[in-house]
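Enquirer: Sequence:
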Amino acid sequence: MSFTNGNGRRNEAGPRLWADGLTLGYADGEVVHAVDLVIPDGKVTAIIGANACGKSTLLRGLARLLAPRRGVAYLDGKAIHTMRTQQVARELGMLPQSPGAPDGITVRDLVARGRYPHQGLFRQWTRADEEAVEAALGATDTAALADRRVQDLSGGQRQRVWVAMALAQDTDLLLLDEPTSYLDISHQIELLDLLADLNRERGKTIVAVLHDLNLACRYAHRVVAMKDGRIYAEGEPDEVVTPENVREVFGLECEVIPDPLTGTPMVVPRGRHAPARSAV
1152 MSFTNGNGRR NEAGPRLWAD GLTLGYADGE VVHAVDLVIP DGKVTAIIGA NACGKSTLLR
1212 GLARLLAPRR GVAYLDGKAI HTMRTQQVAR ELGMLPQSPG APDGITVRDL VARGRYPHQG
1272 LFRQWTRADE EAVEAALGAT DTAALADRRV QDLSGGQRQR VWVAMALAQD TDLLLLDEPT
1332 SYLDISHQIE LLDLLADLNR ERGKTIVAVL HDLNLACRYA HRVVAMKDGR IYAEGEPDEV
1392 VTPENVREVF GLECEVIPDP LTGTPMVVPR GRHAPARSAV
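Position in the sequence shown counted from 1, then plus 1151, gives you this note's numbering.
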């Protein structure tokens, strides 16, 4: 698989972010095995799979947070692990799982850190930076928390603040690892609606690891299902989220019916105690 020309530069007809034979792991062994994956530009991609299947590790490799053992992740035709941190941060925003904040930092100061990639020796804080921070606070409904310490917030509030920091970074590529964690259902929908708006109105490319299959189907243009560190299936939601694939990937017996609001696939688990349907 190649989207670069002979000089190693990006082929303009190719995607911005993609992986070629990407193998990733930690000290205790490999987790992701020889993955080929193309992230479609201007679309929302959801990565799904059972716990410990490699979803988060794959996202870390795509974001340059984890160096590959073999293979390459490419950003704009360049091997991302060879690029400077600030260079990557200007193009790609990443919200990891369970990020940590310095003790005593306020919400506004944490969100403002999303603007650091845009600073430099000859470019200091500007009105545009301030406006980006305020817009991110407003979009995530955290403006009222701006002067509070992050450590004093609830889990759901902290998660929205971290999303605000990623939004303040204002990149065209946004990678989020379980962004709906700790959020109640109302804030889950608000956040995913926000991501959908960013995609539709600003053309942002978004990749999110999601646990809720029904929300993944509702909001994503493309779904990538992982099993045992490999891609088991990928495609449009109705191609990937089928009873057979859910059984193989999650070990769950289910029915898949159309979502009554969107028509996208909706998983209905059977469970051991599901009542039998009455005869009609």
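The reader is advised that the hints may include incorrect statements.
Once the Cα atoms are required to be at most 30 Å apart in a straight line, the calculated DSBU-like pairs of lysine-lysine come out as [unchecked claim]:
hint	residue 1	residue 2
1	Lys1194	Lys1378
2	Lys1229	Lys1194
3	Lys1229	Lys1378
Taking CB as the label site, the calculated pair distances span [what the hints assert, rightly or not]:
hint	residue 1	residue 2	range
4	Gly1402	Ala1286	18 to 28 Å
5	Glu1404	Arg1353	17 to 27 Å
6	Glu1390	Ile1256	19 to 29 Å
Note that these hints are calculated values from the structure, not bench results.
Bear in mind that the values here come from a model prediction, so they are computed numbers and not experimental data.
Ideal Cβ placement from N, Cα and C applies to all residues, glycine included.
Enquirer: All hints, please: hold or fail.
Expert: Here's how the hints hold up against the structure:
{"no.": "1", "hint": "Lys1194 - Lys1378", "result": "holds (23 Å)"}
{"no.": "2", "hint": "Lys1229 - Lys1194", "result": "holds (21 Å)"}
{"no.": "3", "hint": "Lys1229 - Lys1378", "result": "holds (28 Å)"}
{"no.": "4", "hint": "Gly1402 - Ala1286: 18 to 28 Å", "result": "violated (43 Å)"}
{"no.": "5", "hint": "Glu1404 - Arg1353: 17 to 27 Å", "result": "violated (40 Å)"}
{"no.": "6", "hint": "Glu1390 - Ile1256: 19 to 29 Å", "result": "violated (44 Å)"}
Going through the hint list in order, the structure does not satisfy hints 4, 5, 6.
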